[in-house]
Amino acid sequence: DTGVSQDPRHKITKRGQNVTFRCDPISEHNRLYWYRQTLGQGPEFLTYFQNEAQLEKSRLLSDRFSAERPKGSFSTLEIQRTEQGDSAMYLCASSSGGGAEAFFGQGTRLTVV
Amino acid sequence: TQLLEQSPQFLSIQEGENLTVYCNSSSVFSSLQWYRQEPGEGPVLLVTVVTGGEVKKLKRLTFQFGDARKDSSLHITAAQPGDTGLYLCAGDDGWGKLQFGAGTQVVVTP
Numbered sequence: 615d616t617g618v619s620q621d622p623r624h625k626i627t628k629r630g631q632n633v634t635f636r637c638d639p640i641s642e643h644n645r646l647y648w649y650r651q652t653l654g655q656g657p658e659f660l661t662y663f664q665n666e667a668q669l670e671k672s673r674l675l676s677d678r679f680s681a682e683r684p685k686g687s688f689s690t691l692e693i694q695r696t697e698q699g700d701s702a703m704y705l706c707a708s709s710s711g712g713g714a715e716a717f718f719g720q721g722t723r724l725t726v727v
Numbered sequence: 340t341q342l343l344e345q346s347p348q349f350l351s352i353q354e355g356e357n358l359t360v361y362c363n364s365s366s367v368f369s370s371l372q373w374y375r376q377e378p379g380e381g382p383v384l385l386v387t388v389v390t391g392g393e394v395k396k397l398k399r400l401t402f403q404f405g406d407a408r409k410d411s412s413l414h415i416t417a418a419q420p421g422d423t424g425l426y427l428c429a430g431d432d433g434w435g436k437l438q439f440g441a442g443t444q445v446v447v448t449p
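If you read the protein sequences in the order shown, they are chains A and B. 615 is the number of the first residue of the first sequence in this note's numbering; add one for each residue after it. 340 is the number of the first residue of the second sequence in this note's numbering; add one for each residue after it.
Don't read these hints as lab results, they were simulated from the structure. Do not take every clue at face value.
What follows is a list of derived Cβ distance ranges for each label pair [unchecked claim]:
(1) A:695 / B:359: 23 to 33 Å
(2) B:346 / A:672: 19 to 29 Å
(3) A:672 / B:417: 16 to 26 Å
(4) B:421 / A:723: 21 to 31 Å
(5) A:685 / B:399: 22 to 32 Å
(6) A:714 / B:397: 35 to 45 Å
(7) B:421 / A:694: 40 to 50 Å
Even for Gly, the Cβ is constructed at its ideal location relative to N, Cα and C.
With the hints as constraints, model all of the structure from the sequences given.
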């Protein structure tokens, strides 16, 4: 296993368009997390899954954001009607359970123009 | 808003010097993790500290967790250019959700 994989690495989109990112966690990990990181800040928690169940969503996750993990393996994060303020690095992490160490992917850099 | 305060925000030193980065919070964490992040990449886990007062060493890096599990420090001895990066501390709430500090940017020049 090569670790957490995210696709695409970079995405440039026009304001108002929809975008979708994919995360493939480490295969035996049942926890999957999404974070967002803006310039000069540390990552901020967005949401997480235990297997296919979405257990918590941050208030940062507006109605335009939706995340899924349909079969408890890979996850997608969709942003509808993108805004310039959505420009950020979107990071995915996985772990083997609550309190276990989390390992991050390389992130998807989103630029909304 | 970052509940974990990291200091300093930026540190520039010469190769061979020592440095210490601090991570402070008013909250108690079940564990605390230190990551290093390169530009355009995701954070890479360096260490996890769990027990109050715990000290862990990773080659030239020494990590300490405060007795009350609210603060931590990272000390690098004889820094090398390869140590350059953004150092992030993150507190675990016990459920796996991480609260990050804003990071300390370390630059080590030859």
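Structure versus earlier hints, numbers of those that do not hold, lowest first: 1, 3, 5 and 6
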